[in-house]
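With the hints as a guide, dock the two chains, each given alone in a separate frame, to form the complex.
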Amino acid sequence: MVRVFISGGCKSGKSFHAQILAKKMQQKHVPLYYLATMIPKDDEDLQRIKKHQIERTNWEFETLEVSKNISSVLKKCNTNGVFLLDSITSLLANEMFTDDGMMIANAPKKLSYELTLLAEGLKNIVFVSDFIYSDTPFYDTSTEAFRKGLALIDRQLAGICETVLEISCGNVVVHKSVSESTENCNN
Amino acid sequence: MILIYGGAYQGKLDYALEHYNTNASVYQCNEIEIRIDFSKDIINSLHCLILAQLRNNMEPCQFINENREFLKPKIIICNDISCGVVPIDSEIRLWRESVGRVLTILARHADEVVRIFCGLGTRIK
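So the protein lines, in turn, are chains A and B.
Quick note on numbering: the numbering used here labels position 118 of the first sequence as 118, and the sequence is numbered without any gaps.
Quick note on numbering: the numbering used here labels position 13 of the second sequence as 13, and the sequence is numbered without any gaps.
Bear in mind the hints are in silico, worked out from the structure with no lab data behind them.
Using N, Cα and C, we set each Cβ at its ideal position, and we do this for glycine too.
Covered stretches of chain A, going by a simulated chain B footprint (3 or more residues, C-beta under 8 Å):
hint, stretch
1, 4-13
2, 146-158
Label pairs and their calculated CB-CB ranges:
hint, chain 1, residue 1, chain 2, residue 2, range
3, B, M58, A, R147, 22 to 30 Å
4, A, G121, B, N23, 31 to 39 Å
5, B, E69, A, L46, 56 to 64 Å
6, B, E69, A, R48, 49 to 57 Å
7, B, E69, A, C169, 34 to 42 Å
8, A, Q47, B, I124, 34 to 42 Å
This is chain B alone, in the form it adopts within the complex (with noise of 0.2 Å):
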């Protein structure tokens, strides 16, 4: 597993295709579904599948460890929402520790971490 994290708008996705795969297959998560299609090599935008799963009453972390066999071959890309000042809105607030806790198990398991900065990668494990 490659896990690629960065910031908002930091070239996630082109990082990925130019280093890893340029032919590679994308799953783009969304805000409103809650299950991966993991026929794909990448999936992208993780922490919008992690809202989509909070919205519906679903543990993310416990998702993520239940799936670790499917997510070995893929490399994922998600945001680091975790910055900023703690939301005031406590759906926002859960999301954020969500992302963080999520982020953390995937790294733990990630043969390689890479977070992106302006479209330049480092690789932190």
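Bound-form chain A, shown alone (with noise of 0.2 Å):
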């Protein structure tokens, strides 16, 4: 079993180093499945997107566009694949924001809760997030609502997964591994 979470700054590899491990990951005759969760809101979400799938042309993921309700995956999918989860900010935007405007302050913990039987009931899955949390502005109300529910449910899931990665530049920093198949990733 390898439960990966990995978090760091915009555009610093998460993503990339995310679906080089949940590469690794998978084993023969088994569906390494990428859970996309971004919603566009506009053309640069769809660019931003688009450059994703580029990015795994021939990885074989099998993408499925799940930006609700992630527990559903238990039932629609094999849960013996490899997952992978990009990412928990997007999610957790969609779950706590309705299209006007209004915040749902309980989203976090229902997708903290969610998350974690997600990870309870697979057995290879590497979630990615956001590290937004070392700037200095005062935020409005709702964005520092979802500052700190965003933190919560990186702390439970850095408290579930075996291995927690930060990438920095590029780099990782391993802050947790007890697994093999981390290693060598920044090779």
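In structure tokens:
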């Protein structure tokens, strides 16, 4: 069983490293799932998605669009497969904010619970999140609630996962590891 | 002195209580009070005290240097607010720089420095 939690700054190489790890974790005759979470809101999002899709070409991922209710994956997929969930950040945004700008306050707790079910129900999964906690501004109430909520989920998953990695400028900082599969991933 | 720092909401206080002293008393800094209650074991959210001091025209580095003896037996917890864009607001900009300077002074004199990432601690000194 290999469960990996990855976080780091923007454009640090998290998704790329997550893909390498997921591919390494795949054994023969087992599906490799990519759980795509972003609901595109504008052209910039569409371009971002396109860039990630191009990066995943030839990796043999089976892409599943799961923008909400992530625990439904347990019923839809072969749980012996390898899963890459990218990202927890956009999942939380989808669950926490409605199209008309309303905030659902208990969304972080609900998502934390669902992702715990996922982590416990799957053998091999790589979670990708975003490290949004070391800047200075005072944010509005809902942005601050989002940061706090994502941190709650991050800490929960970092506690459960056997391996916790921080990606910094394309390099891997290992915060927790019991698996050989994460070694040499700087190569 | 033990210095524990890291991003917001990373579980720094929980880490301190779990790894050093479950029964420790905690002084919670805020953005108004400019002094520390040195009778407590843990000084939490030092970045808030620094902002309060700046708003009262105090020099946080000087305060830290003058009170180093009192801080020696403490666990000090502070947010790392250094990694974003340079803030437009001059007060917030000064705050960001002051927190960086204070953390550097504290780290120099600390017996142990721990950075917290998603609840996990890495001892960097």
